[in-house]
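Novice: Generate coordinates for the entire structure from the input sequences, incorporating the hints supplied.
Protein chains in written order, with my numbering: chain V, 1 to 350; chain W, 1001 to 1350.
Treat the hints loosely; a few may be bogus.
Quick look at which bits of chain V chain W covers, simulated, 3 or more residues with Cβ under 8 Å [to be verified]: (1) 254-261; (2) 265-273; (3) 289-295.
Below 20 Å or equal to it, Euclidean Cα-Cα: the simulated PhoX-like pairs (lysine-lysine) are [as the list claims (entries may be wrong)]: (4) W:1223 - V:66; (5) W:1310 - V:274; (6) W:1310 - W:1182; (7) W:1212 - V:66.
Only some residues are given here: those of chain V computed to face chain W with a beta carbon under 7 Å [stated by the list, open to error]: (8) 67; (9) 68; (10) 276.
To be clear, the hints were calculated from the coordinates, so they are not data collected in a lab. All of these numbers come straight from a predicted model, not from anything done at the bench. For every residue, glycine included, the Cβ atom is placed at its ideal position computed from N, Cα and C.
There are 2 protein chains.
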Amino acid sequence: MRTANTFSSLANHQIRLAQRPVGLPGPECWSHSTEPVTEPVAGGVLVKTLALSLDPAMRGWMNEGKSYIPPVGIGEVMRAGGIGSVVASQNPQFAVGDVVSAGLGVQEYCLIPEASLKPSGIFKIDLRAGSVNQWLNVLGMPGMTGYFGLMDVGQPQPGETVVVSGAAGAVGQTVGQMAKIKGCRVVGIAGGAAKCEWVVKELGFDACIDYKTGSGAVRAGLKEHCPGGVDIYFDNVGGEILDDVLAKIKRKARIVICGAISQYNNTTPIQGPKNYLSLLVNRARMEGIVVFDYASRYHLAVAEMAGYLKDGRMKSKEDVVQGLATFPETLLKLFKGENFGKLVLQVASA
Amino acid sequence: MRTANTFSSLANHQIRLAQRPVGLPGPECWSHSTEPVTEPVAGGVLVKTLALSLDPAMRGWMNEGKSYIPPVGIGEVMRAGGIGSVVASQNPQFAVGDVVSAGLGVQEYCLIPEASLKPSGIFKIDLRAGSVNQWLNVLGMPGMTGYFGLMDVGQPQPGETVVVSGAAGAVGQTVGQMAKIKGCRVVGIAGGAAKCEWVVKELGFDACIDYKTGSGAVRAGLKEHCPGGVDIYFDNVGGEILDDVLAKIKRKARIVICGAISQYNNTTPIQGPKNYLSLLVNRARMEGIVVFDYASRYHLAVAEMAGYLKDGRMKSKEDVVQGLATFPETLLKLFKGENFGKLVLQVASA
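Specialist: Following this line, the structure appears as structure tokens:
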């Protein structure tokens, strides 16, 4: 084990929440800080950040108010899940060199006290099952969200038609590929012709609708690609697109509410789905998913999907941006729909 | 069996849809017609209307466009379910004097040809199980809607908190009383202090919130009467009230979408529930119910609730208005929230 001297010479660069955003989070929302890296005390570990997961949910964490998780406090290091390498350990369960998934925050080093070393908050990952980036994507939280949202809430049956918005994102790519493996016809919704082409060619979706081609594009696309209607809609975006799909659902359809990225930066109230009575006419169901509820079964989903990654039935596509300092602008790629694949911030090499 | 002469001297007064309404259906939407009563031909029956069920769903049938059932055509007798007495029969399955539940329409006599005598469209009722009015209420379509919506979609557990809007109506009274029998705490939502008091005293709800006392009344009422949150919301009204309840649901809550009477007379687009992301945060489910799906199990629900009516654990409360000709104005009572109990139009005596 290294001595305390080794670390005290290192700087931990951090990005903190400076103020709560109104609309898109601009540079004024962030402050940059530097702290010395300190050795863990008895029971704790020190983790060096390798890569961070950038997710739409981060926008929600920046808001005040009750949600499924408390907001990030003003002045606190921004919350982020990531993969890191244990560089010092005072805990027998973790050895230097272990690679872990944990809530590291947007910083280069994360000191985790013993009290926070809960199985739900930190776990070792096996790089034989997938790379660091894959562990942030299909094998990570977004993958778990897509897997359990589709399988448990959506309950896909062979031959059904599954539509997923945010198709090129981390959750969307998991949902679409899993649905294909389960024998469904899969139609993505994404922004831009290039991204839609990528979704079909790289991820193997049957079709992908470009919502950016103008008003009515999603309705027209659904009419073309889902002539018999939609059995499952996995919604990552909310807004008009949710209404467009509601108008096309089949009897006993399932709508999985995973997110509403189109609404997260609203400065006006959230737009409710005005076509929600389609649920009545079609005896359909709209249900929310929060991934943490499935923690006891993550290992099963990881094992299944790692198998698909190995045998080539599934791909894990990431959009990797380098450098902690780029965090504020990189995060905006999500809300502008610029990422092709799961957005990963690479902070250091393994 | 009577001869054809008996009936040809009788007049059948009818109310027809003259034009599609914009907003509340005024008198201009209706026309009155009179036809001679005719004898059924081979296989058919002639039914004399005793009482008709007046339901919020009627407003939907007056609109053009796709729904779970085709719209009533312009010039057609207005669709209505009712109870009638068979006064002539050319069908061995029905005898003169049988009392039946059927889609009689807003008219004094209904001639039903053999092709329409399907078990799903007409069935004999047993007046020992309940009165004519009870067969339009708790033992009829609204009762079946409330029963299966609550039991199959809502899945109440003892000790849970159930909120139901339109509490004084036919569906609402069934839902609330069934939920009480199943061991739930039941809070109604209705319009006016008198009606709310009636819901608590006559129907035995634990509390009833008066939505008419002003903006914020439902939020305040939910805070007072559902301090631990809402497990099941049975929604008959939609609009602001649905949003207010969404803000108070508990984890794994179930919202049964049965109707949206607050929106049926809108001349602007339906108001979508802007708090729908509460489904996500709370891993909750919103699901539509159409009663026809449960036709094969109606007899079971009738048997169960007829037992409760007999032993006094359940009441069937009707608001009875006399005379076919009053139909246009009587229907408006529903949309103005003036009915205390299930609205029944009595057309003739048994």
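Novice: None of the hints should be skipped; say for each whether it holds.
Specialist: Hint by hint, here is what the structure shows:
1. 254-261: holds (count 4)
2. 265-273: Result for this restraint: holds, n = 5.
3. 289-295: holds (count 3)
4. W:1223 - V:66: 16 Å, holds
5. W:1310 - V:274: Not satisfied, since the Cα-Cα distance of roughly 43 Å exceeds 20 Å.
6. W:1310 - W:1182: Given that 20 Å is the threshold and the Cα spacing comes to 17 Å, the pair holds.
7. W:1212 - V:66: 28 Å, violated
8. 67: 6 Å, holds
9. 68: This interface hint holds because 5 Å falls under the 7 Å limit.
10. 276: 6 Å, holds
Violated hints for the displayed structure, listed by number in ascending order: 5, 7.
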